[in-house]
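Two chains, two frames, some hints: make the complex.
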Amino acid sequence: MISCTEFIPAYSELFKFLEAQGGKEAVVKFWESLSDKFLTNLHDLTATKGLAGCFEYWSHSLTEEAADFRMTLDEKKGTFEIEMRHCPSRGRLNELKHIEPYEHYCEHCDVLYRRVLEPFGFKYNIDLSTCKDATCKLTVEKESSS
Amino acid sequence: MLDPDQGLRVLDCKAIDHEYLHKDFHGALCYGIKYLDDHFGPEATTAYLRQVGRSYFAPLSQQLRGDGLAALEKHWREIFTKEGGNFSLEIQDGVLTLTVHECPAIDHLKKINQLFTPRFCETTVVVNETVCGEAGYKSSCHYEPGQGRCVQKFWKERE
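Chains A and P supply the protein sequences, listed in that same order.
Using my numbering, you'd call the opening residue of the first sequence number 2 and step up by one each time.
Using my numbering, you'd call the opening residue of the second sequence number 10 and step up by one each time.
If we strip away everything but chain P, and leave its shape as in the complex, we get (with noise of 0.2 Å):
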């Protein structure tokens, strides 16, 4: 509802009229990074880190364990898919790679100019080997800072 001549302006919306995707969210987070490392120091931004991963991520741990890579792909293809994302997956010799060619966080970093740290991508190195840790599993994430691309690997650990 707008009348913009008596100067009163009504939005009245339900919550199934909008799809929930606020990449704004990528900047708050990639400034609370940028804090960590500021105020106590990177290794207090891993503790965090690694906090997040024992406990948001609990669940996608359990269906590591109990589903194995599938899992973890199926997450990866959501998120990515969802955030329009440009990668690919592939699981071969046991191995999952998830190699990101263009990435949606960075992407929308750069767009509104909150890429506040370099070290942003440290929430995919430490989130992912917290969660594959608590599975038993393995991780590794190559990048370059701030260039919006990587190549995230996830193995089974040898027991």
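Isolated chain A, as found in the complex (with noise of 0.2 Å):
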């Protein structure tokens, strides 16, 4: 068994050995694959509680993976927010001295999270400027509030 602690490192494996079969547009379809039939849990959030159902996914994948963050969901003003400030899966991957973490592993959070929220008509932006670093900042909005 591969362990549930262990899988962030084979996940990015994963992306390196599609990237290698087919460039990363192998990967991309991979990642939408992936948000298609593995995220069905922050859609049916989603599609049952609004950003609600996103404060409720994120709740519980984030405190299992012992991140450090700061999640505001404000409902009056239609906003949900994260501010990643040590994400677990990227600081592990900077952890390890042997491999290197794929070139693009965290933009699979772009591909992933926006084709679930998108066609409920949320506006879904994550600024991975500073990734590298572990940290970043996710921000889901209704699309009237902007």
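Treat the hints as calculated values from the structure; they're not laboratory data.
Using N, Cα and C, we set each Cβ at its ideal position, and we do this for glycine too.
Treat the hints with care, since some could be wrong.
[Unchecked claim] Residues of chain P placed beyond 10 Å of chain A at every Cβ, according to the derived structure:
#1 23
#2 27
#3 35
#4 37
#5 41
#6 46
#7 64
#8 72
#9 77
#10 82
#11 83
#12 88
#13 91
#14 160
[As the list claims (entries may be wrong)] Below, in silico cross-link-like pairs of lysine-lysine (DSSO-like), each with a Cα-Cα straight-line distance of 30 Å or less:
#15 A:77 / P:23
#16 P:32 / A:98
#17 A:124 / P:91
#18 P:147 / A:143
#19 A:38 / P:147
See the structure below:
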């Protein structure tokens, strides 16, 4: 068994493997497929609870991942934000000395979540400009609030 | 901090507030195996898992080469204890036997309805073979797909 605590390096290696097979396009296609088939819990929570569903989804996953973050849901403004102060996934990859993270590793968070949330009419943005330092900022807004 | 009347909710956590154990990752790996099988064929899945074994698990191979089967026993004890698996470990006559009575990965995949492929346990078969092969050891793994039970054996290759 590859433990769930060992998953992130295996995930990064999967992206490298796919890129070697078919370029970055093959990696993005996998992310899109994973979003459709694996993120059904985020989809269902958002479908039933809107932005509160996002809050519920990431409350569960980020605490289980022992992330360092601040998450804010403002239902009046129609905004949901995650300020990631230390991403546990990228952080673990950075700590490993014997393997390199997949070059575009953090982009999976853009493709996977955008694909779930935008069809619900939300505006999705993720600032990955400092993601190699294991920090980023994710914002989801109701289109009418902008 | 929670103020539902104002429609405002805040969750602020430090890394030390929680234990790192996100079992839903088993679902993402399981889907990855199915995806590789479906789009690139089982040989590609095997090649990917060998890559994981040679790259990420290289330190485990080094420990196995240096410390023998005790290194693998320690690894499995830590992993299965952390994930809450039901298992037993035994070293006898130069063979380490890991008997998994209830696999925590399969158990979780069934709970969340994400056992995407019966070939998920090939991750164990191929990664074990690779880690052992890199260290001069051999392995076997007998399992019935999706049952959450297996018997894994490890022994030093004859020189």
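Consistency of the hints with the structure:
The beta carbon of residue 23 (chain P) is not kept farther than 10 Å from every beta carbon of chain A, the shortest such distance being approximately 5 Å. Not every Cβ of chain A is farther than 10 Å from the Cβ of residue 27 (chain P); the closest lies at roughly 5 Å, contradicting the non-interface assignment. The beta carbon of residue 35 (chain P) is not kept farther than 10 Å from every beta carbon of chain A, the shortest such distance being approximately 6 Å. Distance check for residue 37 (chain P) against chain A: the nearest CB is about 6 Å away, which does not clear 10 Å, and the non-interface claim fails.
The claim that residue 41 (chain P) lies off the interface is violated: its Cβ sits roughly 5 Å from the closest Cβ of chain A, which falls inside the 10 Å cut-off. With a closest Cβ-Cβ approach of about 13 Å to chain A, residue 46 (chain P) is found to remain outside the 10 Å limit, as its non-interface label requires. Its closest Cβ contact with chain A, about 5 Å, brings residue 64 (chain P) to no more than 10 Å, contrary to its assignment away from the interface. Distance to chain A confirms residue 72 (chain P) as a non-interface residue, since its nearest Cβ pair spans about 13 Å, more than 10 Å.
Chain A leaves residue 77 (chain P) outside its interface by the beta-carbon criterion, the shortest separation being 21 Å against a cut-off of 10 Å. No Cβ of chain A comes within 10 Å of the Cβ of residue 82 (chain P); the nearest lies about 15 Å off, and the non-interface call holds. For residue 83 (chain P), the requirement that its beta carbon stay farther than 10 Å from each beta carbon of chain A is met, with the minimum near 14 Å. The claim that residue 88 (chain P) lies off the interface is violated: its Cβ sits roughly 5 Å from the closest Cβ of chain A, which falls inside the 10 Å cut-off.
For residue 91 (chain P), the shortest C-beta to C-beta distance to chain A comes to about 7 Å, within the 10 Å cut-off, and the non-interface label is violated. With a cut of 10 Å on Cβ distances, residue 160 (chain P) stays outside the contact zone with chain A, its closest approach being about 13 Å. At most 30 Å may separate the alpha-carbon atoms for a hinted pair to count; residue 77 (chain A) and residue 23 (chain P) meet this at roughly 27 Å. Of the pairs offered as hints, the one joining residue 32 (chain P) and residue 98 (chain A) holds, with about 25 Å between alpha carbons and a cut-off of 30 Å not exceeded.
Taking the CA atoms of residue 124 (chain A) and residue 91 (chain P), the gap is about 38 Å. The hint is violated against a cut of 30 Å. Taking the CA atoms of residue 147 (chain P) and residue 143 (chain A), the gap is about 56 Å. The hint is violated against a cut of 30 Å. Between the alpha carbons of residue 38 (chain A) and residue 147 (chain P) the distance comes to roughly 36 Å, so the proposed pair goes past 30 Å and is violated.
Consistency note: the structure conflicts with the earlier hints numbered 1, 2, 3, 4, 5, 7, 12, 13, 17, 18 and 19.
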